[in-house]
Amino acid sequence: MHLNLWDGLILLLVAASAALALRHIGRHKDAGGCGGDCASCACACNRRQKR
Amino acid sequence: MTLKDLKPGQSACIDLVGGEGALRQHFLDMGVIPGAEVTVVKLAPMGDPMELRIHGYELTLRLEDAGRIQVTPGKAKAPASVSPRKEKALAHPGLGEEGKFHPKGSGNPLPEGTKLSFALVGNQNSGKTTLFNQLTGANQHVGNFPGVTVDRKSGAIRNFTNTEITDLPGIYSMSPYSSEELVSRDFVLKEKPKALINIVDSTNIERNLYLTMQLLEMGIPMVVALNMMDEMTGNGGSVDINAMESLLGVPVVPISAAKNQGIGELIKHAMHIAKYQEAPLSQDFCGSDDNGGAVHRCLHAVSHLIEDHAEQSGLPLRFAASKIVEGDPLILAQLGLDQNEKDALEHIVLQMEKERGLDRSAAMADMRFSFINRVCEQCVIKPRESREHIRSEKLDAFLTGKWTAIPAFIAIMALVFFLTFNVIGAFLQDQLAAGIEWLSGTAEAAMESGSVNPVIRGLVLNGIFEGVGSVLSFLPIIVTMFLFLSLLEDSGYIARVAFFMDKLLRRIGLSGRSIVPLLIGFGCTVPAVMSTRTLPSQRDRKMTILLTPFMSCTAKLPIYGFFANAFFPQISWLVTTGLYLLGILVGILAALAFKKTLFQGEAVPFVMELPNYRLPSPRSVVQLLWEKAKDFLQRAFTVILIATLVVWFLKNFDFRLNLVADEHDSILAAIAGLLVPLFRPLGADWDWRVITSLVSGFLAKESVVSTLNLLYESQGGVTAVFSALSAAGILVFSLLYTPCVAAVASVKRELGMKWALCMVLCQCGIAWAAALLVKLIGMVFGG
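Respectively, the protein sequence lines represent chains A and B. According to numbering that gives the first Met the number 0, the first sequence is numbered sequentially starting from 0. According to numbering that gives the first Met the number 0, the second sequence is numbered sequentially starting from 0.
If you're looking for bench data, these hints aren't it; they were derived computationally from the structure. Since we're looking at a predicted model, the values are computed, not measured. Warning: the hint list may mix true and false statements.
Here are the computed distance ranges between Cβ atoms for each label pair [said to hold, decoys possible]:
no., chain 1, residue 1, chain 2, residue 2, range
1, A, 22, B, 445, 52 to 60 Å
2, A, 4, B, 116, 37 to 45 Å
3, A, 4, B, 680, 50 to 58 Å
4, A, 22, B, 450, 41 to 49 Å
5, A, 4, B, 708, 42 to 50 Å
6, B, 190, A, 22, 31 to 39 Å
7, A, 4, B, 764, 50 to 58 Å
8, B, 436, A, 4, 26 to 34 Å
9, A, 4, B, 182, 42 to 50 Å
Backbone N, C-alpha and C define an ideal beta-carbon position, used for all residues, glycine too.
Produce the entire structure from the sequences given, and follow the hints as far as they go.
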């Protein structure tokens, strides 16, 4: 499979998006099941925000 | 004669409150005490429960519970102990003189730099969360439905970083009737906040002050925030704040949390009493001349007897004494009394019951309400019937009327669904879908001009745009659905639905309150599961959570539409409606099975306050919609994005990571193929492609149709392969099998992994059995 510069860029973008999504899921263990109810959420982002 | 025998419009005086345990205590705490006047407003359309007016507010309770309350028809006698209203002017603390009524030096100032912690305590629906938002600048959701706050929430008071205020669930007394009341009581007793802010609904002051009196007994510095004063004064009422302060012995601040009035003064007072630890000046509300003074003597005797134990166990003495007299087993155990002391206490209480002519709980409630009557008589000019109440009565005549309630409910729900799916939501969905399509087309053109590799092009277009895009297009429908549901809740209508649906739901083991999550379940299971937090018992909560997935969510509509139009074009609407009804029917059967097995017993008693109708605040509605949209977008770009990438990869590669020409050789076909034998009994058409589609439906229901289309493209589409019977089987299976991953995640969050897993397996089993039944019925009728 031959890849050009654009292919590389798109793959990089997709990989970065996936990494960010995984990082988010890792932090919000309920995967958004909190429905935006941040105050009762104990995820890392929220704790940082509270500080 | 009992309360149950009264006709609508009839008034009576309560003679005796029967029953036992926590429920009876709850009745007493709600003001259902001997001597109180009660008027039956109406019966629910199905004859049960009933709506009562007592102490100036509306309360609903079931006929079964009303049958335990003995009454004498007619008006109640005016209490004899009320002294005439004083006109004497009392000094009010001036600016900078907060706490003037405390003798100088009586406080116990905290060291500099100590974090000031506050607890916000008050009755349900008294505006605690609105006040919390004003104090902290937070954006917590508020609703016009008792019990919106189910978790405690904390934040710092604006501009005072070294403070922490906790919004506790609404409670009616410090007796632990529901788990929320226990949470609130434990917080105050164990976490020991530096001060309490007691929010009192001034339009319903009598019942609200009942909790205030119990909080005063705890001896913690406290300020009373008289909320909704704008409504009170707007209807001709007023409160003599100075007199009330002197009677209660704590600062009283009139506020309007919704209009942000009086909040600054409230903060000043709260900070002062917390910093200087100024405890309430008075805790002794039992008059020595009150009905012969039996309760007074009893309470003081008990106080002396348990003084050392209260100190050792860290309980406020007056509070512990009151709870001992009421017979609170938790406090009794905490005190660790000797058997001799227990016997002595029992004798003291028995003597009090004999002298007072009331049992222990009723005597205590009566003592408190006698004091409250005195306070109200001296400080409160009651407002005339409020505009809000008159408006509510007019609306209720139709919306909860005997013949109009159910048709009005069906019409309102039909209108909500029609506007969501056919008008507003659908229009916005089309616009968004067009936008996504344009974006996809632009991306395709750009990639073509950039000679992007076809595999990567497939990843972006067929993977990300198809997967995330198809889910994203449902955002307007979901936001529109929430707009209507939030309007219904904030206006106070949902509380009425719970009132008139209670009888129906009790037959399947639930209480009227469960109707809210079940209705939301028709929109989306995730918020439905979350909304079960308003239910007062764990049993009802678990049962409702397990039933919500049977209410067919909006994401399944594309599956119904696709199959019904393709295989049953003449009766497509009948098939779709039938599927919705089948979901409800299976839900009812599951509820009955739960009632007989896992969740035996009765649903919690339906004792609920009916709030006045209010116009929803635009800020609150917009805030809620933004939260929901943000949450949905987050899910689309995280869980669904990852899932899409994984499915795309598994579908296009084999185990040696070579690109496959035929999808039968893909990793996905191999993995899904393992499950094929399980589905073989359902029919020959249930091959790996159907299973893959259903598995992709676990990630997002919307993707079932697109996956099926994609996988059957080479064979001329689904219609060329499936029989009508197979289509019917897949429809029923899709209706009943496991909800999507987001819903399962929310169930896991509420109930834990074990229940979430159990729900997934059970629903798959039910769906499998139902699909098999469809096949067998079809075979019998020669399909």
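Okay, the hints, checked on the actual structure:
1. A:22 - B:445: 52 to 60 Å: Distance hint for residue 22 of chain A, residue 445 of chain B is violated at roughly 28 Å.
2. A:4 - B:116: 37 to 45 Å: 58 Å, violated
3. A:4 - B:680: 50 to 58 Å: Distance hint for residue 4 of chain A, residue 680 of chain B holds at roughly 53 Å.
4. A:22 - B:450: 41 to 49 Å: 32 Å, violated
5. A:4 - B:708: 42 to 50 Å: 34 Å, violated
6. B:190 - A:22: 31 to 39 Å: 34 Å, holds
7. A:4 - B:764: 50 to 58 Å: With a Cβ separation near 52 Å, residue 4 of chain A and residue 764 of chain B satisfy 50 to 58 Å, so the hint holds.
8. B:436 - A:4: 26 to 34 Å: 27 Å, holds
9. A:4 - B:182: 42 to 50 Å: Violated - the Cβ-Cβ distance for residue 4 of chain A and residue 182 of chain B, about 59 Å, lies outside 42 to 50 Å.
In summary, the structure is inconsistent with hints 1, 2, 4, 5, 9 from the numbered list given earlier, while agreeing with the others.
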